Each structure stands twice: as structure tokens, then as C-alpha cells.
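Peer 1: The chain contents come next:
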Amino acid sequence: MLPYPILSLCLVLMWLLLNGFSLGHLLLGVLVAIFAGWALASLRPDKPKLKKWYLLPKLFGIVFVDVIRSNIAVSWLLLKGKRRKDSSGFLLVPLEIEDPTALAIMAVILTATPGSAWLEYDSGDKTVLIHVLDLIDKETWINTIKQRYEALLMEIFA
Amino acid sequence: MSAIILFTAVSIAQLLLAVAMLIASVRIFVGPRAQDRIISLDTLYINAMLLLVTFGIGTGRTVYFEAALVIGLLGFVATLALAKFLMRGEVIE
Amino acid sequence: MTEQVLDLPLWAAVAVAIFLILGALLTLIGTIGFLRLPTFYERLHAPTLGTSGGVGAILLASIIYFSVGTGRLVIHEILIGLFVSITTPVTFMLLARAALHRDRAERNPDVPAKVHRKPV
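Protein chains in written order, with the working numbering: chain H, 1 to 158; chain Y, 1 to 93; chain D, 1 to 120.
Fair warning: there could be bad hints in the mix.
[As the list claims (entries may be wrong)] Derived Cβ-Cβ restraints for the label pairs, each shown as a range:
no., chain 1, residue 1, chain 2, residue 2, range
1, H, Glu155, Y, Pro32, 23 to 33 Å
2, D, Ile78, H, Lys47, 46 to 56 Å
3, Y, Ser25, D, Leu82, 34 to 44 Å
4, D, Leu10, Y, Ser25, 34 to 44 Å
5, D, Asp110, Y, Phe85, 44 to 54 Å
6, H, Arg69, D, Leu82, 36 to 46 Å
7, H, Ser87, Y, Val30, 40 to 50 Å
8, H, Ile34, Y, Leu15, 46 to 56 Å
Hints were generated in silico from the structure; no laboratory data involved. What you are looking at is a predicted structure, and each value in this text was computed from that prediction instead of being measured. Even glycine gets a Cβ: it sits at the ideal position worked out from N, Cα and C.
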């Protein structure tokens with residue numbers, strides 16, 4: 001009946017947000033969500049395996065705080081103007097997560113926070129190339145990424 | 001009183017966003033390479049979207065919200081297509 | 001443009017004003033950094049300031065304005081926020097990979113070479 005329950009729920013919520021709440025729109029939204037779920041099911045067979053979905057809000061909270069913090073840090077860095085010549089650089093981070101959804105979430109988090117950008121993932125080596133605007137200590141950056149996001153993502157996705 | 005505050009804030013925000021759009025379009029001309037131009041086009045799209053949201057606050061109408069949504073969608077698709085073209089179109093030399 | 005359809009209490013007007021100007025300022029700082037930073041990979045970081053902080057603050061201002069002004073919860077701005085925060089990383093990643101690809105094709109020395117897979 002519902003191959004992708006979270007997606008269908010999100011679609012119903014989106015439909016109601018766009019059209020305003022009423023019984024008719026609720027029914028129409030549910031109908032659209034069910035059909036969209038079926039359409040997606042015929043397109044993509046493998047489905048993300050969420051083990052501990054209740055940790056997702058914690059992840060969002062951490063990301064929210066980090067985005068605000070790096071916004072302040074990066075705007076300060078840009079306003080200050082004079083920076084050391086080679087304070088930014090590339091960084092090769094070894095990763096342990098393999099789940100495609102977890103990797104995608106990790107990539108979106110790293111790129112969305114100002115100051116770090118995800119460039120290229122190598123599935124053979126299991127390393128990712130990122131570019132960091134304020135690269136003072138490579139070890140600190142790698143440890144931050146691994147402890148702050150990767151550990152949590154590994155817990156969420158089985 | 002609150003009307004004056006809102007009017008001033010909306011005007012200032014629109015001015016700042018307009019300057020931001022101007023700067024982004026300078027980058028389109030300066031370049032130096034195609035990827036810089038594409039990123040500044042994307043920035044331009046985002047800034048235009050934000051400008052529309054501030055228009056919505058200035059006039060108190062929700063019509064601008066839908067326009068902003070459409071601009072966001074178009075900007076995403078346009079940038080994606082250009083980036084894809086950059087990756088596969090021009091590199092073979 | 002001066003027509004003020006919705007009437008807001010003072011605290012809401014001040015909150016809307018603060019978030020509006022904060023968001024616009026963050027976006028402007030982002031584009032200024034975009035103009036000033038020297039290399040492409042550094043410039044890649046600057047616009048994310050506008051797409052994360054700028055979009056968030058301005059949409060929050062819009063939510064407060066319409067929710068308080070109309071007396072009911074108007075949160076459809078969240079859709080734009082979600083959409084932007086999911087799509088901009090995708091475009092930036094694709095652009096960064098395209099730039100890497102082009103720089104490597106030209107053998108630019110500032111860019112790290114492709115990681116070679118270890119022999120198994």
C-alpha cells in the first residue's frame with residue numbers, strides 16, 4: 001500500500017501547506033501521495049534502511065546549530081578581509097559509512113554549512129575530497145567531521 | 001509606528017539585496033572561468049528569490065511567495081543543466 | 001509599494017525588521033566575499049552564506065509577518081527553505097566536480113590529482 005511512508009507523509013504535508021487545510025485537500029493530498037509512492041516504487045527498488053529514526057531530530061539540531069555558528073564565523077572571516085595567504089585548502093577525509101543515503105545526507109550537510117564544501121567521493125577508496133575555507137589544523141577538521149556527523153549517521157543508518 | 005519600522009526595514013533589505021545582485025552580476029562579467037559565471041548566476045537566482053519574498057512582506061500579499069517558489073525551481077534546474085554541460089560538453093578538446 | 005495591508009504589533013514589527021535586515025546583510029556579505037576571494041574553490045564557500053543564513057532569516061521574517069498579521073499560522077515559507085537547502089548543495093557539488101574535472105584536464109598544479117585506487 002505505502003512503499004515509502006515518510007515520503008508520502010511529506011507529500012501530504014506539502015500539499016496541505018501549499019493549498020491550506022480542508023477536508024477535500026486532505027483527501028486529494030493523500031491520493032497524490034499514494035500514487036507518487038507507487039510511481040517511485042516502480043523506479044527505485046532499494047530503500048533507505050533507517051535503524052534509529054528517532055536520532056534524526058538530534059542530527060537536525062546539531063546541523064542547525066552548526067549552520068548558525070559557521071555563518072557567523074565565515075561572515076566574520078569575509079568581513080575581516082586580510083587573511084593569511086594559504087589558510088584554505090583541500091582535505092582528504094577517510095569515511096566509514098557506505099550507505100548511499102547516509103553519504104548523501106553527509107554531503108548535503110557539509111556543503112550547506114558555509115566554510116566547507118564536498119567535492120568528490122571515491123567509493124573504491126572510501127575517501128572524500130573536501131575543500132575548507134579556514135583550514136588551520138587538518139587533524140581537528142577530520143576529527144570533527146568523523147565524531148560530529150559520521151558517528152551519528154552510522155547509528156541512524158543500519 | 002510598526003508600519004514605519006516595517007517600511008524602513010523592507011526598504012533597507014531591498015537595497016542590500018539589490019546591491020548583492022549587482023555584485024553577483026559583476027562576477028558574471030568578470031569571470032574568469034565558466035564555473036564562476038554559473039555560480040554567480042545561481043547566486044543571482046537566490047537573491048532574486050529573496051527579493052521577491054521581501055516584496056511579499058512589503059505589500060502584505062502572498063502572491064509573491066509562489067513567484068519565489070517558481071524562481072527557486074527554475075534556478076535549480078538551470079544551474080544543474082549548465083553544470084552538467086560544463087562537465088561533459090566542453091571538456092573534450 | 002508603501003501600501004501596508006497587514007497591521008502588526010510593535011514587537012512583531014521589530015522582530016520582522018531584525019530578521020529581514022540580518023538576512024539581507026548575510027546575503028550581501030556572501031556576495032562581497034564571492035567577489036573578493038581569489039580562487040574558485042574559495043569562492044564556492046561564499047554564496048552558501050546567502051543560501052543558508054540569508055534564506056533562513058528572511059523566510060523567518062516572512063513567517064512571523066504573515067502569521068501575526070493574518071492571525072493564523074502561515075508556514076508555507078518552510079517549503080522554500082527546505083527546497084533551497086536541499087538543492088543548493090546538489091548544484092554546488094556538481095559545479096565543484098565540473099571545475100575539478102576541467103582543472104585536472106588542464107593539469108592545473110593547484111588541484112589535487114585524482115586519488116588512485118589502492119591495489120587490492
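Peer 1: If a hint holds in the structure, say so; if it doesn't, say that too.
Peer 2: Hint-by-hint comparison with the structure:
Range check, glutamate 155 of chain H to proline 32 of chain Y: Cβ separation about 44 Å, and the 23 to 33 Å hint is violated. Distance hint for isoleucine 78 of chain D and lysine 47 of chain H: a CB-CB separation of about 25 Å, inconsistent with the stated range 46 to 56 Å. In this structure the supplied range 34 to 44 Å is violated for serine 25 of chain Y paired with leucine 82 of chain D, their Cβ-Cβ distance being about 28 Å. One distance hint, 34 to 44 Å for the beta-carbon pair leucine 10 of chain D and serine 25 of chain Y, holds here, with the actual separation near 37 Å.
Hint check: aspartate 110 of chain D to phenylalanine 85 of chain Y, Cβ distance near 24 Å, so the stated range 44 to 54 Å is violated. At about 21 Å, the CB distance of arginine 69 of chain H to leucine 82 of chain D disagrees with the hint of 36 to 46 Å. At about 23 Å, the beta-carbon gap between serine 87 of chain H and valine 30 of chain Y misses the expected band of 40 to 50 Å. As the Cβ distance of isoleucine 34 of chain H to leucine 15 of chain Y is approximately 47 Å, the hint placing it in 46 to 56 Å holds.
Against the hints set out earlier in the document, violations occur for numbers 1, 2, 3, 5, 6 and 7.
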